[in-house]
Every structure is written in structure tokens, then in C-alpha cells.
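Take these sequences, add in the hints, and give me the full structure.
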Amino acid sequence: MPDFLETTIDKFTFKVSTDRYYNDEGVWAQVRANRVRIGLSDFLQQRSGDVAFAEVKPEGTQVAYGDEIAVIETIKVNISLSSPVKGIVVKVNAAMETAPESINQDPYGEGWLAEMEADDWDADLTRLLDPQAYFIIMKAEAEDDVKKG
Amino acid sequence: MTENNQDNLQKVVIVPCSGIGKTYGTVSREAAYDVTEDLRPDQTQLVALSLLVLGDESARASLVDSPAVTIDGCKLACATKMVQECGGNVVKDFAVLDVYRRYKQFKPQGIAELNAGGYKLAEALAEEVAAVVDGLVDEQDTLVRDLLIRSDSSSEGGSYG
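Protein chains in written order, with the working numbering: chain R, 1 to 149; chain P, 1 to 161.
By construction, these hints were calculated from the structure, which means they are not laboratory data. None of the hints are false.
Under the rule of at most 30 Å between Cα atoms (straight-line distance), these lysine-lysine pairs were calculated in the DSS-like manner:
| hint | chain 1 | residue 1 | chain 2 | residue 2 |
| --- | --- | --- | --- | --- |
| 1 | P | K75 | R | K76 |
| 2 | R | K76 | P | K107 |
| 3 | P | K120 | P | K81 |
| 4 | R | K147 | P | K22 |
| 5 | P | K92 | P | K104 |
| 6 | R | K148 | P | K75 |
| 7 | R | K15 | P | K81 |
| 8 | R | K76 | P | K120 |
| 9 | R | K148 | P | K107 |
| 10 | R | K148 | R | K76 |
| 11 | P | K107 | R | K91 |
| 12 | R | K76 | P | K92 |
| 13 | R | K139 | P | K75 |
| 14 | P | K81 | R | K11 |
| 15 | P | K22 | R | K139 |
| 16 | P | K22 | R | K11 |
| 17 | R | K15 | P | K75 |
Here's a subset of chain R near chain P, in silico, CB distances under 7 Å, partners left out:
| hint | residue |
| --- | --- |
| 18 | D50 |
| 19 | A52 |
| 20 | I75 |
In this text the structure is predicted, and so the values were computed from the model without any measurement. By construction, the Cβ of each residue, glycine as well, lies at the ideal position given by its N, Cα and C atoms.
Take a look at the structure:
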């Protein structure tokens, strides 16, 4: 079980898992054996709303850091998600086809999007945020959202 | 079903989401109107969620002894929860999002006025609700028919042999 950094803003509680890295959009990357698993942060999924569909780039797709890796359609918006990793998509979570709501239900677990083979994980790491850094950014964005109503 | 039997049946209560200003809430209400006004007007009765929330006696009374079908606009499932809280019998709860996942081609947009996709989705949802209503009516019809047959048999006072 991962540990979390946690904050409650207004009536919403947001968790940041401490066992992975994040891009500034809130897409996380976690090394698992020789692959990097990616998904949405708790804040990103809550802010986006209930997911209706998730379309992840198919297995075999080569993406650069920042390229679109997936598009999710929620009851509020369509969001293009940027890859936090440069590499090749080697596995897409089958649940994205059958149960995309798992993104909302378990963003750090069952709701992962894809696994990638990174071309150069060390290079990716220099551009990613550690959990504490992402937590600060996320908290500021959440507070800003509340102010805007 | 005979007209006599129809008189003995309880109408199925349809309770949609009351979410104002939400596309999925509007879809739920459009679907409820389709069912109660066009598809199955004689077998269903529309009850506004807001009346249940306000404690309207007539609205609450309509839930007594009648099966209810709820249509929720989001995962808060207010319609389902409220009907249950009022003691109603929710036999089927629909969620607009789940139905949309089955009809991806009908992307709903708009609030006060839905787009074409929204109306199409509402129609598709209404057909699913109507199918549930048909099943409930058939069940009730069978029960009533059985009761009538038993009643007829006992009043004949049949003799043995």
C-alpha cells in the first residue's frame, strides 16, 4: 500500500501517492520492473469528473515526452493527456475499454492507463516532479479552483 | 393484458435526476418524459425528485405499493437514494453515464436545450426504461391473473368426482 500526501480543500480531499513521479498535468509515472506504468493523479481525476471513455494510444505506439498518450472523455470535458515518458507503449490496461470508471474509483491502482518501455527513464526523471513538488502545485491549483467557484 | 387487469395494476413510478444545469440531468428528465408521456403513459407515473425532497405527501404516497425506476444523472445517485429513503421500492436504477457508454455515438451536450446526441441518448435510455416497465407490468399482470383464476375457482365451489 502506498503512502499518501493528503489535503482537504473545501469539501474535497485529494491524495498524492508518494511512490511515483508526476508531470505538471497530474499524469503519474511509476517504475515497475523494467516498465513504467502511467495513470492519472487523484486530483486530476476528481477535477475532470466521471470518466465515460478512455482511449489510450495502442500498444506499439512510440511517443515522445509530452506527446498525447491518451484522451479521456468525462461528463464535463474531453482531456488530452501528455505522456510523462518517452518510449513505447507495451501494454494498455484492458479496463480502459471495459471499465473506464476505474480511473475515478482507483486512480493509483486499478485505474492505470498503460505501461511503457522508457527509452531513457533517467532523462524523463529530470523533467518530472517528485510527490512533494507535485503536491504543492496540485494544492495551489485546487485552492484556485475553489476560489473560482 | 386486459383492461380489467390494467385497472388493478399499480403504475410504475419513474423518478429522474433533478440536477438543474447539468447535461446528464437533462438527459435523465427527457428520458423520463419520453417514457411517461409517449412510450408507456398508461403504465407509468412521473414523480419529481424535488417533491420527494420537499416531503410532498402526494409524491411520497405514490411510492407506496408501486415499483419505482430511478434515473440518476451522476454517481451521487440522488434519485435512487431519495426514493429508498422515502421507503420506495427501487426495482431498477439507471445511470445516464452507464447508458452513454453503450451509445457512444450519442454524445450529449447542452443544458436547457440538448443537442441532437442528447435527445438520441434520452430516447435510447427511454427505450431501456420502457423495457423494464414492460417486464414489471407483465409480472403484475401474471399475478393478478393468477389471483382472478383462484378467485373464480373458489367461487365455483367445484365438486369432487
